Each structure stands twice: as structure tokens, then as C-alpha cells.
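J.: Sequence order for the protein chains is A and B. Count along the first sequence from 1, add 813, and you get the number used in the working numbering. Count along the second sequence from 1, add 25, and you get the number used in the working numbering.
No wet-lab data here; the hints were simulated from the structure. Treat the hints with care, since some could be wrong.
Partner residues aside, some chain B positions facing chain A, computed with beta carbon under 8 Å [claimed, not checked]: (1) 34; (2) 93; (3) 123; (4) 140; (5) 144.
Below are the EDC-like pairs computed for lysine to aspartate or glutamate, each with C-alpha atoms no more than 20 Å apart in a straight line [as the list claims (entries may be wrong)]: (6) 911(A) to 954(A); (7) 986(A) to 117(B); (8) 911(A) to 981(A); (9) 958(A) to 1003(A); (10) 911(A) to 1003(A); (11) 855(A) to 159(B).
Restraint ranges, calculated between C-beta atoms of paired labels, are given here [what the hints assert, rightly or not]: (12) 86(B) to 956(A): 25 to 35 Å; (13) 985(A) to 75(B): 17 to 27 Å; (14) 71(B) to 957(A): 15 to 25 Å; (15) 71(B) to 874(A): 44 to 54 Å; (16) 160(B) to 863(A): 22 to 32 Å; (17) 71(B) to 884(A): 25 to 35 Å; (18) 980(A) to 130(B): 21 to 31 Å; (19) 125(B) to 961(A): 28 to 38 Å; (20) 877(A) to 27(B): 42 to 52 Å; (21) 985(A) to 127(B): 19 to 29 Å; (22) 907(A) to 91(B): 40 to 50 Å.
Just so we're clear, the structure is a prediction, and the values are computed from it rather than from any experiment. Every residue, glycine too, gets a C-beta built ideally from N, C-alpha and C.
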Amino acid sequence: MATTMDRRRLLSTAVLGGAGIAGATALGSLAPEAAFAAEPVKIEPGAPDPNFAEGRVTSITGSVVLLAGSDGALHRIQVTNGTSIWKFQPTTFDRLEKGDGMYVRGVRLPDGTLAADSLWANIVNLTAHIASVGRNVLHLDHHGKRLIGHVVPGTTAAVYNGTPAISDVSLLKVGGHVQVIGAWHPDTNEISIATVYAAN
Amino acid sequence: MAAVTGEVSWFCCGSAWGPCASTGRGACGTCTSGNFQHAWPNASQACLDITRPHVCGTSLARRTCGFVHYTTNLCNGARVGTSIADCGPQTDLFCGERACCGSSCGTNRIIDLTPAAYSAIASLSTGLRPCSVDTV
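For reference, chain A alone in the conformation it holds in the complex (with noise of 0.2 Å):
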């Protein structure tokens, strides 16, 4: 008889393995848009997700990192070989700090554990006009509060009205409207943007 696993009981056992944690990576690898469609979404509309958690990253331990979420809540959060990092760009558990902002998904575990199958770090999505615009920055203006955008030649990526996406930021206009997704430089009011959405 075939014996099914299905992905929470792998991750589970993956961390819980104690040599070598394998965790997502056991089952193989899955393009991202493919690895969120991978399992159905069971939770009811409205109510809080318990496989998803947000919050500062007060201390990282071996592969555990330690969350103080924004409403109270502590988080414990480990890390596998298989979660996928962004931190302004896809990158690997060594770049995470004390202090970044993270949003975390993944699978809980009995002892209230998350292991993570995808981990946000310091990511923001704002909508913002132009102030001004200077060499490599944008000067952003924030709900009535004032960012600073920083421009990454070579990463940063502009998306005018919809076309496809290009390194060239010069189209921007002051007074413009904005939609950007960056990383936000803990404790300040900047950011590095990795893309930003101009709209007509």
C-alpha cells in the first residue's frame, strides 16, 4: 500500500530529525510560484494564520531565530536548509541580523515552533509620491512621512505601467506615484528599493 506524506508531517520530521536538518529541501526543489501553490490554504477567512508570523529579530541561534512580534507575541523560528531568504534579494541565512523585521511562513510545530519555508527579512511594499530625485535616491513621501529610496544600480528594478521590468530608474518623475517593494534599513528611514511600480 502507498504510503502518503504530506508537506507538514516531512517539515515536521525534517526538524525534528535532530541530525542534519533537511527540512524543505527533501522535497526537491519546487519553483517558487509552483512551491505556493503546492498545498491548499485551510484557514478561515478573518482569522489569524498560525503558520505565519512577523516581528524583530531579537537573537539568532544556530539555526533558530527568535522573533518579538509587533503585537507581544514571541516566535520561535527554525531554519532549514530548504527555506527560501530574501533580504532585498534572494540570499542565505548568514545575511539575517538582530533587528531585522521579518515576516516568516511556514509549518507549526506540536512544541509551537515555525519552521519556515519562506522568510522575509526587513521587506516593505509602500505606495508613495515622488519628492525629488537625486543620484541613486528617491526622496519618498510616505503617509505624510519622508523615506529615503535608495537606488541599487545592477538590482533595482523599475516597472513602468505594467511593461516588463528595467534597471532603468530615469523615467521617474517627481510628484509621480509609486508602488515599491524594498528592504527597509532597520532603525532608519530608509530603504534600498529592489522594485519600484510607477503608475501613468
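Once you've looked at the hints, dock chain B against the given chain A.
T.: For chain B alone, coordinates are given in the frame of chain A:
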């Protein structure tokens, strides 16, 4: 309601860190980044006066706080159910904008999901995806 096709993005709300810390609990007073919730452009007349999807040729039904929509990511077929907790996105500011995955496209921003909900159907780093939204 027939499914509406457009674009989906995400937004933070409730207790938060960084630039999100100033965003508050949304128009319904219940919004939390970790919950399966969303913003809807026609959550009230006052909301519609701001978001103005009709200017872009998109007609969206009036749905108020707590109403449940189901959003499907047209890039991978993943689907999530969420309830209305805020007003948005401001559709008119991105009128005519189009997001595609291959031949699957969506035009105009019609829904914003919380990080918990968006990350259930796409990576947060994608920022914008074509989607369909329905009520069942």
C-alpha cells in the same frame, strides 16, 4: 458575483515594524498583518470616492467590513479566502496597469491582501500578481 480579474498586491496593518508601524488598523478597525484579511476598493461610498476603480473601467460591488472574497493567483492557481478589513487599493492611481504570467493577465488593482494572506498564494517579494476574485 462573477469573478473579477485584475491585480493583487499586499499591505501591512495593525501592529508592525519599520515604515509599516504608522499604518494603523484599517478602515474597519480590525486589520492585522497576520490575519487572512484584505482591503477592498468599494468598502463604502467614502472609500469608493478615494479609490475610484470606475475611472479605470472596473466596476466592483459594494462589500463592507467582514465580507469574504476568494482571491486566486493566476500565476499558479493558489487561492485564499479573506475578509474585508480596510479600504483600498487606490485603483485610480495605477489605471490601466497590467500584470501577466505568460498569457494570464490582470488589469487594474482590485484587491490588497495582508502579508499572511498574500504569502499563502505568492512570495511577498513579487509585490504584484494577476488575480481573479470571487465570492465562492
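J.: Take the hints in turn and mark each one as holding or not.
T.: Each hint tested on the structure:
{"no.": "1", "hint": "34", "result": "holds (7 Å)"}
{"no.": "2", "hint": "93", "result": "holds (4 Å)"}
{"no.": "3", "hint": "123", "result": "holds (4 Å)"}
{"no.": "4", "hint": "140", "result": "holds (5 Å)"}
{"no.": "5", "hint": "144", "result": "holds (5 Å)"}
{"no.": "6", "hint": "911(A) to 954(A)", "result": "violated (28 Å)"}
{"no.": "7", "hint": "986(A) to 117(B)", "result": "holds (18 Å)"}
{"no.": "8", "hint": "911(A) to 981(A)", "result": "violated (33 Å)"}
{"no.": "9", "hint": "958(A) to 1003(A)", "result": "holds (11 Å)"}
{"no.": "10", "hint": "911(A) to 1003(A)", "result": "holds (18 Å)"}
{"no.": "11", "hint": "855(A) to 159(B)", "result": "holds (17 Å)"}
{"no.": "12", "hint": "86(B) to 956(A): 25 to 35 Å", "result": "holds (28 Å)"}
{"no.": "13", "hint": "985(A) to 75(B): 17 to 27 Å", "result": "holds (24 Å)"}
{"no.": "14", "hint": "71(B) to 957(A): 15 to 25 Å", "result": "holds (19 Å)"}
{"no.": "15", "hint": "71(B) to 874(A): 44 to 54 Å", "result": "holds (49 Å)"}
{"no.": "16", "hint": "160(B) to 863(A): 22 to 32 Å", "result": "holds (25 Å)"}
{"no.": "17", "hint": "71(B) to 884(A): 25 to 35 Å", "result": "holds (28 Å)"}
{"no.": "18", "hint": "980(A) to 130(B): 21 to 31 Å", "result": "holds (23 Å)"}
{"no.": "19", "hint": "125(B) to 961(A): 28 to 38 Å", "result": "holds (32 Å)"}
{"no.": "20", "hint": "877(A) to 27(B): 42 to 52 Å", "result": "holds (47 Å)"}
{"no.": "21", "hint": "985(A) to 127(B): 19 to 29 Å", "result": "holds (28 Å)"}
{"no.": "22", "hint": "907(A) to 91(B): 40 to 50 Å", "result": "holds (43 Å)"}
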